[in-house]
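Asks: These are the residues of each chain, in order.
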Amino acid sequence: MSVLYLLITFSLLIAGGFLIAFLWAVHNGQFDDRHTPSIRMLIDESENNKKEEEEN
Amino acid sequence: MALETFSYDNRIVRNFALATAFWGVVGMIVGLLIAFQMYLPSLNFGIPYTTFSRLRPVHTNAVIFAFVGNGIFMGVYYSLQRLCKARIFNDILSKLHFWGWQIIILSAALSLPLGYTLSKEYAELEWPIDVLIAVVWIIFGTNMIGTIIKRRERHMYVAIWFYIATFFTVTILHVVNSLDLPVNLLKSYPIYAGVQDALVQWWYGHNAVAFFLTTPYLGLMYYFLPKAANRPIYSYRLSIVHFWALIFIYIWAGPHHLLYTALPDWAQSLGTVFSIMLIAPSWGGMLNGLLTLRGAWDRVREDPILKFMVVAVTAYGMSTFEGPMLSIKSINALSHYTDWTIAHVHVGALGWNGLLTFGILYWLIPRLYGIKLHSVKLANYHFWIATLGIVFYAIPLYWAGITQGLMWKEFTTDGFLQYPLFLETVLQIVPMYVMRSIGGTIYIIGILFMTYNLYRTIRSGKLVTEEQVQAPAIEVAAFKDEKFSWHHRWLESRPVQFIILATIAVLIGGIIELIPTFLIKTNISTLTAVKPYSPLELEGRDIYIREGCYTCHSQMVRPFRSETERYGEYSKAGEFIYDHPFQWGSKRTGPDVHRVGGKYPDAWHYNHMVEPESMSPGSIMPQYPWLAKNQLDLSNTAVKIRIMQQLGVPYPKDFDQIAVNKLKEQAGQISKSLTEAGIDAQSNTELIAMIAYLQRLGTDIKGISKAPK
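So the sequence lines, in the order shown, correspond to chains W and R. With our numbering, letter number 46 in the first sequence gets 46, and the count goes up by one each step, no holes. With our numbering, letter number 22 in the second sequence gets 22, and the count goes up by one each step, no holes.
What the hints contain is simulated information worked out from the structure, not anything from laboratory work. Using N, Cα and C, we set each Cβ at its ideal position, and we do this for glycine too. Hints are not guaranteed to be accurate.
Said to hold, decoys possible - The calculated label-pair distances, taken between Cβ atoms and stated as ranges, are:
hint: 1; chain 1: W; residue 1: Asp32; chain 2: R; residue 2: Ala2; range: 39 to 49 angstroms
hint: 2; chain 1: W; residue 1: Asp32; chain 2: R; residue 2: Gln428; range: 53 to 63 angstroms
hint: 3; chain 1: W; residue 1: Asp32; chain 2: R; residue 2: Glu302; range: 54 to 64 angstroms
hint: 4; chain 1: R; residue 1: Gln470; chain 2: W; residue 2: Asp32; range: 23 to 33 angstroms
hint: 5; chain 1: R; residue 1: Asn184; chain 2: W; residue 2: Ile39; range: 55 to 65 angstroms
hint: 6; chain 1: W; residue 1: Arg34; chain 2: R; residue 2: Arg294; range: 15 to 25 angstroms
hint: 7; chain 1: W; residue 1: Leu19; chain 2: R; residue 2: Gln470; range: 49 to 59 angstroms
hint: 8; chain 1: W; residue 1: Asp32; chain 2: R; residue 2: Arg152; range: 34 to 44 angstroms
hint: 9; chain 1: W; residue 1: Ile39; chain 2: R; residue 2: Ile47; range: 33 to 43 angstroms
hint: 10; chain 1: W; residue 1: Ile39; chain 2: R; residue 2: Val131; range: 17 to 27 angstroms
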């Protein structure tokens, strides 16, 4: 069943990758603001949407 | 701050959107055809290429990789540009990605009916296509990460995290599970055997569900649901917490596909524990989606797009509740190998992936074409039809699964099997198969409505290929931090490249050099009675794989009294060490065949393969008459033996040179026994090889009932 060790290694590698990404994200301040990103994504700057908003 | 003017590439989004709708229709129609074949096997029209066992992988691959795959790319290419406030990284890569992916789908649609398959579920495609998948997937990743790097928005919205996790994990899963030694351009053997192959496969298989059908679609939900509702997500904090929890837990849940098999117990328990834990992050996502609509339910009443999304998220919640439940061993003992699993995955696929895709298409296409949807009313009809279709699909199959599972386990008061004839338990649920196909028909009528609706919308609008946008450049100062030295800063600011480079390094160095040899050494038999397949049996096994027998027959007798009474001694890990690939299967539409060897005479198998109903009246197994006509191809036998030797199968030295003679000798014996039974059979046909394989199955340890583990 040596393949178990292989899979556990790869799973740990994936988890480790996630961990690095997570630590980076925290350190980078990605999660400091837990409110405005959810609102900001609603706003698009394109010409189309401006027209659409004017219509509404 | 200076505003930069740039444009979003909408054409690539449109292309993926059309491909999504197109392959959705194709994949589901193939699904409908095989649903009918479940009770009308003659609907293969007597053609090998349209037989259930070959079409089933076409259906699963088409729905997962063609329909949902294109859906992912459509959603990612649209949302990533807007979330990053940047045009997609490279237009040429976009084109390569799009056409590369369609070529992969076409080659799958051709090669699978032709019988070129690895027989590992959702990873059936032969090695040249696997290589192409890896290349195109990396192109997608490059394009995505390139866009993220040149983003004009410092913060990465939560959907982007889901996309990154998808790319990163699927890359590793695909590479690890697809390691094969080629026999020729169209045939290869996995480097893993038996239990090891099964474990790698279901580590992949489960995570394919997790990181292809779930995480990218959650990312899409986090973008398109708030957009469609025009309200922020209920809790951004929850979205972050459940994202990290989900991806950390998901990768360990794979073994729940192998409960009560020959996999070591501790690995099974590990899978169960993590599967049950998964309910928390999964429901975090569901609740976050549903609660986004709090106070806006009046809009849900009117807007078909929101309706699609609400039911999609609810279906996600139901299947992620059911998943952990099915991972509990006592429930799995009943549900596994039955139609319960099929019902479960279709709540996920039709409900979660299907309805969310439809909602996104209805939202996206009018926006790409700068026009309103052709008919909101028709979309509303589609919603109700689709929902009804799912209900009519799932309920009969739950019913069928539980009924059959209980019948398999039922004993009389005297201690005999109540239903010793497997066929009896099948005939009992045939009416459910009929109802399921009606449910599927209803669902497909809905998607045809959508196709028409979108077609009319596209016809009356005009594609806005380049959407002009203005956004300020990102302040570079934000990345500068004097505390770190330059190389530290380089890594810090490029975590994704860093991870990918590290992964590639590990993959190349580790996998190709070390792992095959390391695994082969441990493939040495623990059961001395277990011997390699004879050349004829090996060729027969490859025909078993080509025809896709594993789609309906398992080769794994679980250690239950109901199974040992029905099939014989339960399966042991050591019996599978020469199985490249493993053939445990995941569904018993027909009985388990691991102990079928020696159970019936050769003539029975001959007649049964040519016309199953001649041996089991009422059988729903398709006929395989071409096996009795096709000549067995011997041109690769020697190469196959050599490849097996490389994989550690202990054939004697220079066995490849006498393999064909040995094969003919054994074929002669079988054809002689058939002649004695009054069947005029050529000894050089494929069916002879198939009979040799079936008669060998599970016989090695017969008579050694107390075999060591």
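Asks: The structure should be examined with respect to each hint, and the outcome stated for every one.
Replies: Evaluation of the provided hints:
Here the CB-CB span from Asp32 (chain W) to Ala2 (chain R) is close to 26 angstroms, at odds with the stated 39 to 49 angstroms. Taking 53 to 63 angstroms as the suggested C-beta distance range, the pair Asp32 (chain W) and Gln428 (chain R) conforms, at roughly 60 angstroms. A hinted range of 54 to 64 angstroms is violated for the C-beta pair Asp32 (chain W) and Glu302 (chain R), which are about 38 angstroms apart. The beta-carbon spacing between Gln470 (chain R) and Asp32 (chain W), approximately 26 angstroms, falls within the hinted interval of 23 to 33 angstroms.
Restraint check, Asn184 (chain R) to Ile39 (chain W): a C-beta distance of roughly 57 angstroms satisfies the suggested window 55 to 65 angstroms. Evaluation of the 15 to 25 angstroms hint for Arg34 (chain W) and Arg294 (chain R) yields a pass: the beta carbon distance comes to about 18 angstroms. For Leu19 (chain W) and Gln470 (chain R), the hinted distance range of 49 to 59 angstroms is not satisfied, since their beta carbons lie about 37 angstroms from each other. Checked against the given bound of 34 to 44 angstroms, the beta carbons of Asp32 (chain W) and Arg152 (chain R), roughly 19 angstroms apart, lie outside it.
Checked against the given bound of 33 to 43 angstroms, the beta carbons of Ile39 (chain W) and Ile47 (chain R), roughly 57 angstroms apart, lie outside it. A hinted range of 17 to 27 angstroms is violated for the C-beta pair Ile39 (chain W) and Val131 (chain R), which are about 44 angstroms apart.
Violated hints for the displayed structure, listed by number in ascending order: 1, 3, 7, 8, 9, 10.
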